[in-house]
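Peer 1: The residues making up each chain are set out below.
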Amino acid sequence: MLVTGTSKRIGLSIATILAQAGARVAVSEAKTVAKASICHPVMRFARARGNFAQMSKCTVAARHYCGVVGILPARTKTKRKPVIMKYALLVHGSQEYFDRGKDAAYIAAGMAYGEALRAAGVFVGGAGLRSPQTATTVSVRDGKRHVHDGPYAETKEFLGGFAIIDVPNLDAALEWAARHPAASESSIEVRPLAGFDFSGGAKKPS
Amino acid sequence: MSESATHAAIETVARNSYGRLIAFLAARSGDVAGAEDALGDAFVAALERWPVDGTPQKPEAWLLHAARNRLIDAARRNQIRQHSEKFLQQLAEEAQTVAATHQYFPDERLKLLFVCAHPAIDAAARTPLMLQTVPGVDAERIASAFLVSPAAMAQRLVRAKNKIRDAAIPFCLPDPPEWDERIFFVLDAIYSAYTAGWESVIEVSSTPHALAGDAIAVGRTLVQLMPAEPEAHGLLALMLHCEARRAARYTRNGEFVPLDQQDTARWSRPMIDEAENHLLSAAAFKRMGRYQLEAAIQSVHASRAVSGCINWQEIVLLYEGLVQIAPGIGSLVGRAVALAQAGKPAAGFAALEDIPSSRVANYQPYWAARGHLLQLLKQKDEAQKAFTRAASLTDDPALREYLFKRSAGRI
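First to last, the sequence lines map onto chains A and B.
Residue numbering for the first sequence follows the numbering used here, starting at 1 and increasing by one per position.
Residue numbering for the second sequence follows the numbering used here, starting at 1 and increasing by one per position.
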């Protein structure tokens, strides 16, 4: 007996596509919530256009190459590339990791990484943080200021530092995260920035 | 043209080009959900227009044009036309180029496959996302194969699509250093679709079975898009070898039949031949890999149809290679069984004992293998316990019955 396998399967039908559209309507509520909270349509299209213009792999490769070998790419201030995506690289480390903060090799590795980010022209900002013992947490409830010692969460890992980078897409951000000197012993959370920041107000379409 | 003929024409385009159209639109916008919405609307427009105007000469170009119009409408509704004009302009130009010059438009499905199987996507969403976008499998069918509710699956897919768009996962092929790691995710996602369609299946018409066919279709697409990747050939060969035996896995009365006792006359020869051809193509590249080795093991089993016997010695060698590169629990158990079948039951049992017990507690094949090896070693009581435990770990009624029979020593 011959197994007909795939030929027995009725292929994609128009009904399927319409059903898929229907299924999307069914979850439209969830989707609307997600859309409203995460992505305004302006951002969506601005980003879409940006991705298209910027996706050229050689641009990314060249920037990385410059970063690795330490060549400053020829960039003029007047012709700045449009802001496409910014990502926060958040370093999560254990107490032992923070205890190494005064280690000379550790500091040198951090400096070199920062230099590489600058040389590649992707560095927006960032710093290492002092240990969680130095932290103070503030909140305001009903107009009253509450101050207490230390970070809120009773976790084993703390935010140990951050960098904001400006790269075309997630893969480029992940590459930079993997190069972070802390990546081999701590972990780096990569988060896209929302479409606005405190310094520049709403992101302007270029 | 009659309405039914138009519908048939639209279905043909959908069947042949849906994945390519989605990939083309999504690769340019970075937004899979947006591409699906626009293309869905374009198909609706086709249902309205084609019966009146006739089927266009280049249906794909017509649909791309319509999808682009939908994107413009959406942009207008959101009063963001000025911001998106450039992107839409580009899309319009490309759609025109497609219509004017090429018979077909650029195939971006490989990029889409890499995006769906991107390590930044939730592992549980990769295979469903791939099935929904590339061959266009209905979301409900995917949900039932993965044993989750349609609503939960829809949520999972929406989250994954939002992540692609909002985190800007790029639609591009990875560079050589990442290639091997990334291709592994693509192959893994396809194989997961196949295994979801493989397990607990009796009726040929069941949903999971159809999913196995979908997985093979994606495997064929991958080979077509990456003819020089031996592991793509290896994966397709593996799936085809398994699929060729589907009818022989159970007797006509629905009883489970183990692989080495299956009636080879019930195996599909065309599928075996196709599998063998792909394994040969893979071998020509002289780059060994996990899926090629697994396919080669199945190929040795398949040769029983011709030779009437199984060369277990050869299978042992292949498993030795497999555990070197993929020391998964499945390959470790397989190697132990092969050793025993090759005349070394004590060595096989020792290999089983070497697997850390924490990894095998709920792994049914381990307990079935253990029972089998203990039986070979004439340890009846221990064998019975192992088979009983195996029987309690499967969700396939026919397999459960078979394992209980072995436990009772009736086979």
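Treat the hints as calculated values from the structure; they're not laboratory data.
Just to be clear, a hint being listed does not mean it is correct.
Below 30 Å or equal to it, Euclidean Cα-Cα: the simulated DSS-like pairs (lysine-lysine) are [said to hold, decoys possible]:
1) B:Lys-378 with B:Lys-344
2) B:Lys-378 with A:Lys-156
3) B:Lys-344 with A:Lys-86
Examples of chain B residues toward chain A, derived with CB under 8 Å [claimed, not checked]:
4) Ala-120
5) Ala-123
6) Asp-166
7) Ala-167
8) Ala-168
9) Val-323
For every residue, glycine included, the Cβ atom is placed at its ideal position computed from N, Cα and C.
Peer 1: All hints, please: hold or fail.
Peer 2: Status of each hint after checking the structure:
1. Restraint check for Lys-378 (chain B) and Lys-344 (chain B): the C-alpha separation of about 14 Å stays at or below 30 Å, so the hint holds.
2. For the given pair, Lys-378 (chain B) sits about 52 Å from Lys-156 (chain A) by alpha-carbon distance, which is inconsistent with the 30 Å threshold.
3. Taken as a hint, the Lys-344 (chain B) and Lys-86 (chain A) pair is broken in the structure, with Cα atoms around 60 Å apart against an allowance of 30 Å.
4. Contact between Ala-120 (chain B) and chain A, as hinted, is supported at the beta carbon level, the nearest pair being about 6 Å apart and thus within 8 Å.
5. The beta carbon of Ala-123 (chain B) comes no nearer than 16 Å to any beta carbon in chain A, farther than 8 Å, and the hint placing it at the interface is violated.
6. The beta carbon of Asp-166 (chain B) comes within 5 Å of a beta carbon in chain A, closer than 8 Å, and the hint placing it at the interface holds.
7. The beta carbon of Ala-167 (chain B) is positioned within 8 Å of a beta carbon in chain A (closest approach about 5 Å), and the interface hint is therefore held.
8. Contact between Ala-168 (chain B) and chain A, as hinted, is supported at the beta carbon level, the nearest pair being about 4 Å apart and thus within 8 Å.
9. Of the supplied interface hints, the one on Val-323 (chain B) is violated, with its beta-carbon coming no nearer than about 28 Å to a beta-carbon of chain A, more than 8 Å.
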